[in-house]
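With these hints in hand, go ahead and build the complete structure from the sequences.
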Amino acid sequence: MSLEVAVAAALFVGVVAYAVLGGADFGSGFFDLIAGGDRSGARVRTLVDHSIGPVWEANHVWLIYVLVTWWTGFPESFAAAMDALILPLLFALLGIVLRGASFAFRKYAETLGQARLFGVVFATSSVITPFFLGTVAGGIASGRVPATGREDLWSAWVNPTSLFGGVIAVGTCAFLAGVFLTADAERGGEPDLADWLRTRALGVGVVTGAVVFAALVPLTRDAPTLAEGLAGRAAPLVLASGLAGTATLVLLARRRYEVARIAAVVAVAAVVSGWGVGQYPWLLVDEVTISAGAGAPATLQGLLIAVGLAAVLVLPALVYLLRLTQSEEWTRH
Amino acid sequence: MISPDLLSLVAEPGGLLPARQQMALSLGSHIVLACFGVAFPAMIFVMHLRGVRHDDERALRLAQRWAKASAVLFAVGAVSGTVLSFEMGLLWPGLMGTYGDVLGLPFAFEGLAFFIEAIFIGIYLYGWGRMPARQHLLMLVPMAIAGVVGTYCVLAVNAWMNVPVGFRLVDGEVTDVDPWAVLFNSQALMQMLHMWLAAYMVAGFCVAGVYAVGMLRGRRDEHHRLGFVVPFAFATVAALAQPFVGHLLGDGLAERQPAKLAAFELAETTESPSPLRIGGIYVDGEVRGSIDVPVLGSVLANNSLSEPVPGWDTIPEEDRPPINLTHLSFQAMVGIGSLLAGGVALYWVLRWRGRDLLRHRWFLRAVAVSGPLAVVAMEAGWIATEVGRQPWIVYGVMRTSEAAGDNSGLWWLLGATTALYTAMGVGAAVVLRSMARRWREGEESLPSPYGPDRVDAEGAR
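Residue numbers (this note's numbering), protein chains in the order written: chain A, 2 to 334; chain B, 143 to 603.
Pairwise CB distance ranges, derived in the manner of DEER restraints:
# : chain 1 : residue 1 : chain 2 : residue 2 : range
1 : B       : 564       : A       : 328       : 34 to 42 angstroms
2 : B       : 191       : A       : 214       : 52 to 60 angstroms
3 : B       : 548       : A       : 330       : 50 to 58 angstroms
4 : B       : 558       : A       : 214       : 32 to 40 angstroms
Everything labelled a hint here was simulated from the structure, so no lab data went into it. From the three backbone atoms N, C-alpha and C, an ideal C-beta is built for every residue, glycine too.
See below:
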């Protein structure tokens with residue numbers, strides 16, 4: 002593997018990690034949003050707070066990892082994408098800011114009125130943000146980010162691939178979160194709450210799966226390079242994702258929540274990896290390849306050293322945190 | 143004073159002025175939160191350690207409250223930091239497209255440090271009552287170390303913008319990139335120390351000030367004494383060390399960035415020896431209203447009795463930073479820093495001689511405003527060094543106007559960001575105040591805000 006492909010792979014690991022871990026965080030906002038009134042929704046919201054409270058900041062850092070690796074490893078394509086996709090990126094950024102701040106504020110709010118305001122902002126922005134991030138992915142994947150200079154503010158992200166990307170991102174996040182929250186509720190000794198979540202997670206999963214299949218048709222016309230990759234090199238991943246997604250639904254239906262979490266993670270990781278493998282060797286599809294867009298070799302080496310350090314220093318700590326939050330001790334109040 | 147600057151910018155790319163204002167707003171806000179992120183873990187550690195060692199309930203309660211306050215500040219800091227990483231590309235496409243791979247590596251290591259901080263703050267916050275005491279306490283150590291490493295990395299990039307190294311320009315193309323030279327550039331360590339101490343001054347004086355206000359309102363118990371003395375001790379060490387570090391940082395500025403030094407010192411002509419100018423502004427080619435102390439300018443800037451500060455008139459017009467803003471910001475930083483250093487020295491000297499200034503209301507009032515003053519000094523120092531580097535974004539290599547995009551739509555973004563940051567500031571203030579009010583009323587564990595039934599979301603504690 003060449004140096005620049007290794008860095009691109011490391012960058013993409015960050016995208017997958019953000020999609021899975023950050024995605025589950027964002028999706029929790031969906032359940033917060035549909036939890037109902039103050040009284041009836043209190044238990045769901047308490048669960049959401051408890052599930053993502055310790056991890057959301059760590060999960061959020063994956064985005065920063067992706068941005069930093071991108072501008073360091075592939076600076077010109079970073080500037081090009083920022084230019085062409087400025088609007089959806091700003092909307093996503095707005096959502097990220099509102100969501101993070103209001104989540105922290107809600108936890109320590111003084112009155113119910115304050116908590117309600119912060120809660121609505123948190124939940125709404127959690128749903129909106131993945132949509133815009135999805136449109137960004139669609140814009141890159143469909144070859145709409147010009148290597149030099151954008152044409153207008155809209156065309157790169159208002160198009161079939163981007164819009165489907167946005168909807169699929171929202172659905173995937175909600176599905177992941179649903180599976181994790183159901184398992185959390187069960188582990189926390191609240192089987193009725195787990196049942197409530199299970200029904201909704203199943204619904205979200207079925208709808209998202211349907212949208213993914215429906216997207217395949219317009220994709221072949223709208224993003225031919227990606228579609229070709231998905232049908233060719235990335236086909237095993239697409240297949241694996243479909244199988245794991247179906248398995249998650251079956252496991253949820255049979256109340257095997259602990260195993261369902263793993264299947265759901267595999268499904269999401271596989272579909273996102275499918276996108277990456279599908280558009281290889283393009284960095285910006287049809288515009289810039291990974292090797293053409295790469296920065297200085299010494300910097301790429303440095304980045305790989307940073308990634309190695311991350312594997313030694315950050316990964317064990319992250320695993321420790323995630324294990325704590327998924328443990329019996331931390332789930333019970 | 144401002145209008146000539148505005149006029150000169152009219153010919154620049156449409157994105158330049160809004161981009162600069164936007165960066166000033168978001169970096170200026172983030173830097174305050176970053177101070178707490180850097181300094182708070184060590185302060186909490188000392189308090190928590192005291193609680194565990196001496197089985198001191200009061201100290202443990204303070205540590206837990208500080209941790210909750212830092213959770214709110216850290217959350218806002220995390221999102222405002224994300225804004226900055228987007229802005230690097232959105233506002234400065236010329237810089238990032240050209241030099242992204244030169245300056246990027248320190249950011250990658252900063253990302254690692256931030257990762258560690260985010261992971262361990264999660265463990266620490268939720269670890270209360272769920273972890274063995276000593277193990278729980280140890281969770282603060284990686285946070286404190288990561289704060290220092292992260293500060294170093296960010297300051298390494300900023301130092302590089304002042305002393306660009308690690309690449310060569312051949313026919314306008316960037317070649318021979320050495321990112322490690324950027325990470326370990328000659329100014330990085332001193333800049334980092336200066337900022338690190340500033341962070342302890344900001345966080346230390348702000349937190350001590352909160353308890354000083356409590357004492358002013360008559361709450362003179364052990365809780366307030368302890369809450370005052372730990373942050374004040376941190377602030378003391380930082381405030382006393384800061385003038386020396388600042389002086390060492392400035393060493394050699396005459397060679398590195400003569401325009402910045404001339405602006406700092408308001409030296410309109412090269413005088414040997416140069417005076418120290420206190421106050422004053424530069425209007426129509428001459429200095430007005432300054433108090434001049436003979437020779438001291440040469441001593442402070444050059445460690446010499448005769449060596450002059452290079453004059454403003456030796457700098458080509460197109461390479462001059464805004465002189466008055468740079469000069470006044472620099473003097474505000476030095477002035478406030480000296481005032482704070484004098485204040486803490488006075489407190490400890492008198493305490494050593496058996497007099498307790500905490501009994502005096504004037505002193506408590508002074509401590510109450512010391513936090514905001516430290517923030518002003520830090521912001522002023524940052525304005526002085528950043529504005530003093532203009533018109534260069536990368537000194538001597540790339541002008542700020544070349545780094546900005548031609549995107550006048552950024553004015554809209556600036557408006558929206560101003561509104562958003564105001565809302566976020568108000569939100570944080572409201573929440574922190576209501577936390578404090580509850581604690582005063584004796585409610586330790588905040589009830590869950592999610593329903594009228596107030597489900598206990600805080601768990602065991």
